[in-house]
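*Asks:* Got chain A; can you put chain B on it based on the hints?
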Amino acid sequence: MNKYIYYPGCSMEGSARAYAESLSQVAKILDMELATVRDWNCCGATEYLSINLIPAYSLIARNLAIAAGQVNGTNELMAPCSACYLNLEKADYYMAERPALGEKVNEALAAGGLHYKPGSLQIRHLVDVLVNDIGLDVIKSKVVRPLTGLRIAPYLGCMVPRPDYQHRWSDHEYPLELDDLMHVLGAEVIDFPLKTDCCGGHMSQIAPETAYELIRRLVSEADEYQADLMVTVCPMCQMNLDAYQGEANRFFGTKYQMPIVFFTQLMALAFGIDAKSAGFGLELVSAKKALARIGVEAPAPEPASPRRKPDGLPMPPHRRKKYASGREASDEKIAVAE
Amino acid sequence: MIENHKPKIGVYVCHCGSNIAGTVNVDDVRKWAQEKLGPEGVVIARDYKFMCSSLGQELIEKDIKELGLERVVVAACSPHLHEKTFRTAAEKAGLNPYLTELVSIREQVSWVHTDKAIATEKAKSLVSGTVQRIAYNTPLEKQKVPINANTLVVGGGIAGIQAALEIANAGFHVYLVEREPSIGGHMAQFDKTFPTLDCSACILTPRMVEAGTHPNITLMTWSEVTNVSGFVGNFDVRILKKARYVNEDVCTGCGICTEKCPKKVIDTHYEAGLGYRKVVYTPFAQAVPRFPVIDRPNCTFFQKGTCKACEKFCPTNAIDFKQEDEFINITVGNIILATGYDLFDAGRVTNYGYGRLPNVFSSIEFERLSNSAGPTGGEITLRDGKTKPETVGIIHCVGSRDKNFNNYCSSICCMQSLKFAHIVRERTGADVYEFYIDMRTPMKAYDEFYQRVLDEGTLFVRGKVAEVTNAARYPHEKGKLIIHVEDTLVGKQRRIPVDMVILSNGMEPRHDAKQTGQTFGISCSSDGWYIERHPKLDPVSTMTEGIYIAGCATGPKDIPASVAQGAAAAARVLDKILQKEVEMEPIRASVIEENCSGCRICNSMCPFNAIAFIGDLKVSRVNPALCQGCGTCVAACPAGAITGTGFSNEQIFAQIDGLLMTV
Chain A
1 MNKYIYYPGC
11 SMEGSARAYA
21 ESLSQVAKIL
31 DMELATVRDW
41 NCCGATEYLS
51 INLIPAYSLI
61 ARNLAIAAGQ
71 VNGTNELMAP
81 CSACYLNLEK
91 ADYYMAERPA
101 LGEKVNEALA
111 AGGLHYKPGS
121 LQIRHLVDVL
131 VNDIGLDVIK
141 SKVVRPLTGL
151 RIAPYLGCMV
161 PRPDYQHRWS
171 DHEYPLELDD
181 LMHVLGAEVI
191 DFPLKTDCCG
201 GHMSQIAPET
211 AYELIRRLVS
221 EADEYQADLM
231 VTVCPMCQMN
241 LDAYQGEANR
251 FFGTKYQMPI
261 VFFTQLMALA
271 FGIDAKSAGF
281 GLELVSAKKA
291 LARIGVEAPA
301 PEPASPRRKP
311 DGLPMPPHRR
321 KKYASGREAS
331 DEKIAVAE
Chain B
1 MIENHKPKIG
11 VYVCHCGSNI
21 AGTVNVDDVR
31 KWAQEKLGPE
41 GVVIARDYKF
51 MCSSLGQELI
61 EKDIKELGLE
71 RVVVAACSPH
81 LHEKTFRTAA
91 EKAGLNPYLT
101 ELVSIREQVS
111 WVHTDKAIAT
121 EKAKSLVSGT
131 VQRIAYNTPL
141 EKQKVPINAN
151 TLVVGGGIAG
161 IQAALEIANA
171 GFHVYLVERE
181 PSIGGHMAQF
191 DKTFPTLDCS
201 ACILTPRMVE
211 AGTHPNITLM
221 TWSEVTNVSG
231 FVGNFDVRIL
241 KKARYVNEDV
251 CTGCGICTEK
261 CPKKVIDTHY
271 EAGLGYRKVV
281 YTPFAQAVPR
291 FPVIDRPNCT
301 FFQKGTCKAC
311 EKFCPTNAID
321 FKQEDEFINI
331 TVGNIILATG
341 YDLFDAGRVT
351 NYGYGRLPNV
361 FSSIEFERLS
371 NSAGPTGGEI
381 TLRDGKTKPE
391 TVGIIHCVGS
401 RDKNFNNYCS
411 SICCMQSLKF
421 AHIVRERTGA
431 DVYEFYIDMR
441 TPMKAYDEFY
451 QRVLDEGTLF
461 VRGKVAEVTN
471 AARYPHEKGK
481 LIIHVEDTLV
491 GKQRRIPVDM
501 VILSNGMEPR
511 HDAKQTGQTF
521 GISCSSDGWY
531 IERHPKLDPV
541 STMTEGIYIA
551 GCATGPKDIP
561 ASVAQGAAAA
571 ARVLDKILQK
581 EVEMEPIRAS
591 VIEENCSGCR
601 ICNSMCPFNA
611 IAFIGDLKVS
621 RVNPALCQGC
631 GTCVAACPAG
641 AITGTGFSNE
651 QIFAQIDGLL
661 MTV
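First to last, the protein sequences are chains A and B.
No gaps in the numbering here: position 295 of the first sequence is 295 in the working numbering, and each next residue is one more.
No gaps in the numbering here: position 280 of the second sequence is 280 in the working numbering, and each next residue is one more.
Please note: incorrect hints may appear among the correct ones.
To be verified - Using 25 Å as the maximum straight-line C-alpha spacing, the simulated SDA-like pairs for lysine to any residue come out as follows:
1) B:403 to A:93
2) B:403 to A:198
3) B:403 to A:252
4) B:480 to A:93
5) B:116 to B:662
6) B:478 to A:93
7) A:255 to B:476
8) B:260 to B:214
9) B:480 to A:216
10) B:192 to B:315
11) B:480 to A:198
12) B:478 to A:168
13) B:464 to A:197
14) B:480 to A:179
15) B:403 to A:216
16) B:580 to B:628
Claimed, not checked - Distance windows between CB atoms, simulated:
17) B:438 to A:223: 52 to 60 Å
18) B:259 to A:136: 53 to 61 Å
19) B:298 to A:24: 49 to 57 Å
20) A:108 to B:653: 51 to 59 Å
21) B:298 to A:180: 27 to 35 Å
22) A:162 to B:638: 27 to 35 Å
23) B:382 to A:223: 46 to 54 Å
24) A:162 to B:298: 55 to 63 Å
Treat the hints as calculated values from the structure; they're not laboratory data.
Just so you know, even glycine gets a beta-carbon here, dropped at the ideal spot from N, CA and C.
Chain A on its own, in the form it takes in the complex (with noise of 0.2 Å):
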């Protein structure tokens, strides 16, 4: 039995539930024990570091201090999001690096009658754990429907293995634990170059513009080797390139139908446990077809509830509609680098 302390994060419950129920599959059959921190809060994701660093801090060692109040068997840290994951990391490393920071946060703390002492968790990502505790030859061996025939993308996203404060990654520019996790799940696993490039984060948010054209390097990078669909280990990565790719789609003119799974639900399938517990289906680029080809019957994801009519009266015209919507600016060629 492999215990961790499990810190789910916000999207699990929401956006990502597809990869929270995957997981707790996953973690059934690879007998992982997972104990979730109890009363956890927001990591602050990827914005909250910018604009106030102690406040910040104190967010997330506050879960930090907790889990390690929960220490039982194990002390590592397990988070299934990059984003959560890197900031606990950070905060566990940054306290320990600049002690006057970690005084700071822990008198922040002690309102709430905590304490952290840096160092005294390990932090892991879902993904290192899967491949460096359990280990490939465990995972292959409960493989019961190989994946033969199913081309994937691995996109293991830019916060898992940089800056790796505890040099846990193979490599930080071209690491290959995603993809060799794939490769014994028996998929024909693509050299995706783009593996650890930006989603666009939260650019998504506030300049859509340039989220679009990052999604766009992605998802026809993962075209142009013929990929039947693209995998990543965090919510973030597959909410930009799942519910941004239309978007992307009219901005550039594309018609792109890249699916967007995460790692686990794929484990999942190669698990024996049927799509629709694997999470598909919740997807909003379908996966449907590109399971079928491997034999395999995915809920199509459900329709979108037909939008609002704005209720009361109209607003004027935006003063810069042009840039609001993609449909307008989707004739202007964007300006090449060079």
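*Replies:* Relative to chain A, chain B alone:
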């Protein structure tokens, strides 16, 4: 002796210009020594701007003669620098040299401190310690040991070949040991040499042949030094001569065995993985010696017990499958290490895609590709072996000047890259981009070559390449390798699509440099290169007497510098040989036999195997010819029965007393 007579001591404090005087109040130290150390025997204390100058030395000599000084303490720089100078000066005035000691108040005080008051106090303490200690110094005589006139040169690259030839031409015998089947080193793999573009093989092979046939050189290829013991003048060296499975006495080097051998393997060494070789092979056509080697792990006979094609066809019955590794013991007086470098593994810079993207080549691969004796006969092609590239990108500083890998500059890569650019343009007419951080072309005719390559139309982009990728963003990039770089002259990011990328990977110390250093008793810097006795003034000597270093073993170098170092090391060895005997420092350990319990702990501790157990007397005894005076046994002896000249218990305790004296 001490009770009834305190020896007369002279203390001399050096300013070293402002090196010492800038941080230490020299005048104060002198006055203090004169007044406070008077009861300890100090009869005179002086300070001088440069004690090491001839005037400074004369000052000491005069005092010895006129005041009858019996001990001299010089507070100046490190003993490494000037101990010899002052001991010689004292000797000239009739004082035994071992009654003069240096106190390092430069390296250990002024250079490492900023607070003048504290630094002055520390200088006083150190002087006081040595004054107390020197009273117990005894006159010592240097021992003279004859020097064996034979020399061992390790490494048969151009530096080692040069060193061996210089010594052999002077009429002395040289053992040249090389671990590969042929001498020649990296230079044998190159096509052209910068900046003159003369053919590498054409200038190298005459030297190789000369070394191979010289009556004063015993060439031992496919051999490695496994053990070295002894000291300058008399090193005992054990060499592993690996089995060639070819009888060198009868082999004519006709090459029929290689021709008939049915098995081909990828040549990861000489051809850098780009070409193939047979299992019985000579690395290249001009190999010296001409005898082939059987690659045992790949040989069908050794693996399956059948084949023996080479044996069947050999006209002189030279193939000998029963040959075994043998050890050869030799004795030499001096050793030159010219063990060279390893090429940085370009695959470690994962963002450049070497090993993943087929058309990314390493520098040594390109050398083979452009070599007329290489796998493509000198045609520059992509990895498919056919297509000529239309655009080529050359990336500098791969693994060098990069804090993720090596901080140092590999010094040859700029010129090597310029040479590549010239060759590519000459043979294919392709557009060539060079991506550099800084251009470094400092040697003779190097910058002229840079100007020439500029004039030829090679395009230079200043900036460190972020990545080489096959992920096209725009239609014109499809099917190409895209070099993503920040052009720091334009101040913009650029994406430059090319057909072929050449990585100019730098140099690294040999992977086993540390182990080799231990075998020969020399040390490596934190980067892994061997440390010179002095980086500027003694670049081919090491801290171990009789062991010299040359070529890239001490750091990245081009061919002219390696050759110069080979010759320089040879000159140092010849100097030693011609002295016919070497003076040994008389700092030795000795066993007080009545105190020795015969526990033999010291026997195994001694790194020089200088202590033997005398069975009849049941005591250990130190062989003074082998003892290097390191003091390990003195510290290890549980009975306190071993004492070191220069480091006796009285001396050490007196020095501690002196150091702790209130200043």
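*Asks:* Which hints, by number, does the structure contradict?
*Replies:* 3, 4, 6, 8, 10, 12, 15, 17, 18, 22, 23, 24
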